[in-house]
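Visitor: Protein chains in written order, with the working numbering: chain A, 6 to 334; chain B, 44 to 319.
Treat the hints with care, as some may be off.
Claimed, not checked - List of simulated lysine-lysine pairs, DSSO-like, C-alpha gap at most 30 Å:
1) A:Lys298 x A:Lys85
2) A:Lys244 x A:Lys84
3) A:Lys298 x A:Lys195
4) B:Lys265 x A:Lys298
5) B:Lys265 x A:Lys195
6) A:Lys298 x A:Lys134
7) A:Lys85 x B:Lys265
Calculated from the structure, these hints are not laboratory results. Model, not experiment: these values are computed from the prediction.
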Amino acid sequence: MSSGPGGETGFPASAVAAAGPHVARRRPRAVGERTLHALAPYLLLAPAALVIIAVLGYPLYLVGRLSFEQFGLAELITKKGTWIGLDNYSRLFHDRQFWTVLLRTIVFTVVTVGLTMTFGTLIGLLLMKLGRFMRLLLSTGLVLVWATPVVVAVNIFRWMVDYEFGVLNWTLTELHLGDFLNKDWFADPKTGFAVIIALIVWGAIPFVAIMVYAGLSQVPAELLEAAEIDGARRWRAFKDITFPLLLPIFVILTSLSIIWDFQVFNQVWLMRGSEPEESYWLMSVYSFIEAFKLGEYGFGAAIAVVMVGIMFLATFVYLRQMIRMGETR
Amino acid sequence: MSRRTLGRIGWNALGLFVFLVIIFPVYWMISTAFKEGQNVLADTPQFWPHPATLSNFDDAIHRQYFWDVVRNSLIIVTVVVSLSLVLAFLAALALAKFQFYGRGAFIVLILGVQMVPLNALIIPLYIQLSRAGLVNELTGVIITYLTFVLPFTVWTLRGFMLGIPRDLEEAAMVDGSSRFGAFVRILLPLIAPGMVATSIFAFIQAWNEYLIAYVLLNDAQKQTITVWLADFTTQRGTDWGPLMAAATLTALPVVVFFLLVHQKIAAGLTAGAVRG
Chain A
6 MSSGPGGETG
16 FPASAVAAAG
26 PHVARRRPRA
36 VGERTLHALA
46 PYLLLAPAAL
56 VIIAVLGYPL
66 YLVGRLSFEQ
76 FGLAELITKK
86 GTWIGLDNYS
96 RLFHDRQFWT
106 VLLRTIVFTV
116 VTVGLTMTFG
126 TLIGLLLMKL
136 GRFMRLLLST
146 GLVLVWATPV
156 VVAVNIFRWM
166 VDYEFGVLNW
176 TLTELHLGDF
186 LNKDWFADPK
196 TGFAVIIALI
206 VWGAIPFVAI
216 MVYAGLSQVP
226 AELLEAAEID
236 GARRWRAFKD
246 ITFPLLLPIF
256 VILTSLSIIW
266 DFQVFNQVWL
276 MRGSEPEESY
286 WLMSVYSFIE
296 AFKLGEYGFG
306 AAIAVVMVGI
316 MFLATFVYLR
326 QMIRMGETR
Chain B
44 MSRRTLGRIG
54 WNALGLFVFL
64 VIIFPVYWMI
74 STAFKEGQNV
84 LADTPQFWPH
94 PATLSNFDDA
104 IHRQYFWDVV
114 RNSLIIVTVV
124 VSLSLVLAFL
134 AALALAKFQF
144 YGRGAFIVLI
154 LGVQMVPLNA
164 LIIPLYIQLS
174 RAGLVNELTG
184 VIITYLTFVL
194 PFTVWTLRGF
204 MLGIPRDLEE
214 AAMVDGSSRF
224 GAFVRILLPL
234 IAPGMVATSI
244 FAFIQAWNEY
254 LIAYVLLNDA
264 QKQTITVWLA
274 DFTTQRGTDW
284 GPLMAAATLT
294 ALPVVVFFLL
304 VHQKIAAGLT
314 AGAVRG
């Protein structure tokens, strides 16, 4: 999807300079302008780049270094860790808990991303089919959900599945789907995670639905009509026109969902009242507890580094696509 | 009735159903917030708050530290939004309007940075800020938030800027404006909606964030509204009525702003994403 000549740099300064009759007199100024023009993007970028590198780049380096260090509470006070090489990693990879948590996190991510993409896409397609009023209503509802802060959403869901007075328990019982009165959803991690996943999917659907809808509505109607005149079947038009246009959006949405869901922390943490049981640990919770509850900052950092590595692998396609987009324009 | 009309009604009915399901949790929060104590804890849930009461809200805003955390959140959000807007605008201008060496690298930087999990950075950030003596200070939180909203705001603003036809600028140039003049008179007004949308995105991010504030701000008085709300629960059992009122108050500013600008954000996002 490339458009426009690649090397456009705004306005050809030389052409402007050459236009006047006093070329000789104006040349120095034109050269100065050209230098400024060449420097301008760097000057414009500098502040943002500096902040990003200082506040993200350095900690990123630091987390890598910490993962090779013995860094506990004592080191937090002396401000200096001890280099221990790969000890943290070897301890991590020999820890059965790590593999359990990793597997749990992967299953969790796959289920959550799958449900989010499925429902999000379906609702995005549904928006295309609706009348004007209904579309406005549904998209307003989606936006309301989208805007709801996570901490607020967690509390709503905790209230809805409350042991004694949860409206969900009541509704499911009324629908004769079983006896859910006085059901403690979090007693069993399976149903507990069902609630957590429902909460996350609920919060993530709006973004996917609205993006898919936005993508679909960008498919030019003339193109589809032309295809119809050409005698193309509907699914053919979908396959050759709609789908290719939607594909980049799908790749982006799926990758972003993987990124977000693989590092879920708040929902688990808050749902379990800031003290999640071991059977509720995901990678980020595991890392956080090791670092901040047990004071093993070095070991926690090693877990974090493994997380970053896995995410980079999982979203490699996304990154490549985004870079290509950035390059072509 | 024709098949087509029937189909339309069917789709709209489905749309209504989806709307009701999706909106229900939000409705449940608000309706609980307006209920009287004994109606909150009813064996058969009360679906419409009757009689309605404001006592839960009264309770919520008179909880300890409410006004402190509101003030803290407002300070953080204001500073983060204004700084991020200026920095992102400059960077987006460079990305959208110039072709230069290192442009690809910068794009990789801002996209790659968004993939780094917050949890991976919270450990080094905490250590770094504790060395700098910025733990328990709003400044530390502000700097951190700024960095986390910057990549997205740069990328989105760039999308808005690409949406401006180059011909417009060129037309202004032909009319004899300088590049700067063209920028001020043509580009700035056109980019204004994008600026508003982006700034509100930053607002929402900063207002909603929990983890960083939770780790970096220890004193109850220095915390933000989300941390306060999370503590609301654990303080003394669960008092659902006031809790839902507090949750409603926390969500209110974000929801209002979001409703105002969501369309522009979606437009800007797709402009950045689809335009190739």
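Visitor: Checking each numbered hint in turn, tell me which of them this model violates, lowest number first.
Guide: Checked against the structure, the hints that fail are numbers 2, 5, 6, while the rest are satisfied.
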